[in-house]
Amino acid sequence: MKILFVCTGNTCRSPMAEGLLKQMVQTEQIKIEVQSAGIATFVGAPLADHTDTILKERGFTLEHQSQPVTDELLRWADLILTMTGGHKNAIGQRHPHALDKVFTLKEYIGASGNQDIVDPYGGPLEAYRATEQELVETLRHVLRKLAEN
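Its first residue numbered 1, the sequence shown is counted upward by one per residue in UniProt numbering.
There may be inaccurate statements among the hints.
[Said to hold, decoys possible] DSS-like cross-link-like pairs, simulated, lysine-lysine; straight-line CA separation at most 30 angstroms:
no., residue 1, residue 2
1, 22, 101
2, 2, 31
3, 2, 22
4, 31, 145
5, 2, 101
6, 56, 145
7, 2, 145
[Unchecked claim] Estimated spans, in silico, between C-beta atoms of each pair:
no., residue 1, residue 2, range
8, 85, 130, 17 to 23 angstroms
9, 75, 148, 21 to 27 angstroms
10, 137, 70, 26 to 32 angstroms
11, 59, 97, 34 to 40 angstroms
12, 92, 136, 14 to 20 angstroms
13, 89, 143, 25 to 31 angstroms
14, 44, 140, 27 to 33 angstroms
15, 99, 125, 32 to 38 angstroms
16, 130, 107, 19 to 25 angstroms
17, 137, 97, 29 to 35 angstroms
18, 71, 107, 19 to 25 angstroms
19, 60, 93, 30 to 36 angstroms
20, 26, 141, 17 to 23 angstroms
21, 99, 26, 29 to 35 angstroms
Derived by calculation from the structure, the hints in this document are not laboratory data.
These numbers come from a predicted model, not from an experiment.
C-beta atoms are modelled at their ideal positions from N, C-alpha and C, and glycine is treated no differently.
Between the sequences and the hints, there should be enough to build the whole structure, so can you do that?
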């Protein structure tokens with residue numbers, strides 16, 4: 001299974017999800033490849049400092065530079081999980097051929113209510129920790145769903 005996480009700048013949410021899921025699958029028996037990208041970014045931006053801090057506190061180092069969503073990445077992915085409905089819509093408008101495998105992260109697990117993962121960009125470390133907790137909980141459900149299939 002190849003999963004692509006998508007957010008806006010590919011420096012906060014999607015690389016955090018990438019790092020967290022990579023760390024989680026190290027202890028699972030599920031073979032998953034993970035990448036992340038942004039719908040409004042360029043190649044080469046580093047992780048946001050607080051994203052890097054959170055992953056390192058968990059004992060995980062993610063070698064990361066931002067990358068934009070491309071047709072090549074979309075073809076690579078079996079599953080594309082976006083952080084917001086806006087990201088999903090942007091992919092659908094720019095790359096309609098990929099829409100059948102694009103879901104918001106929360107939509108994929110069948111969550112009700114707000115389908116967006118809050119963007120901590122520019123906020124304090126506490127905002128990034130809140131996003132981390134939201135992602136960890138959601139990714140546990142993603143792993144459960146993948147294990148069932």
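Inset, instruction - Sort out whether residue 101 lies within 30 angstroms of residue 22, counting only the CA atoms. - result: holds, 20 angstroms
Inset, instruction - Take the C-alpha atoms of residue 2 and residue 101, compute the straight-line distance between them, and say whether it is at most 30 angstroms. - result: holds, 11 angstroms
Legend entry - Holds or violated: residue 2 to residue 22, with C-alpha atoms at most 30 angstroms apart: The hint holds at about 12 angstroms.
Inset, instruction - May I ask you to test the hint 29 to 35 angstroms on the CB atoms belonging to residue 99 and residue 26? - result: For residue 26 against residue 99, whose Cβ atoms are near 31 angstroms apart, the range 29 to 35 angstroms holds.
Inset, instruction - Could you tell me whether the CB distance from residue 92 to residue 136 stays inside 14 to 20 angstroms? - result: Given about 27 angstroms between the Cβ atoms, the range is violated.
Legend entry - Beta-carbon spacing of residue 137 to residue 97 - inside the hinted bounds 29 to 35 angstroms or not: holds, 31 angstroms
Inset, instruction - Using the Cβ atoms, figure out if residue 60 sits within 30 to 36 angstroms of residue 93. - result: Holds, at about 34 angstroms.
Inset, instruction - Take a look at whether the Cβ-Cβ distance between residue 44 and residue 140 falls inside 27 to 33 angstroms. - result: Roughly 32 angstroms apart at Cβ, these two residues keep to the hinted range, so it holds.
Legend entry - Outcome for the supplied range 26 to 32 angstroms, where the beta carbon pair is residue 137 and residue 70: Since the Cβ atoms of residue 137 and residue 70 sit about 30 angstroms apart, the hinted range of 26 to 32 angstroms holds.
Legend entry - Supplied distance hint 19 to 25 angstroms, evaluated on CB atoms of residue 71 and residue 107: holds, 23 angstroms
Inset, instruction - Sort out whether residue 145 lies within 30 angstroms of residue 56, counting only the CA atoms. - result: holds, 27 angstroms
Legend entry - residue 2 paired with residue 31 [C-alpha distance capped at 30 angstroms]: holds, 9 angstroms
When each numbered hint is compared with the structure, a violation occurs for hint 12 only.
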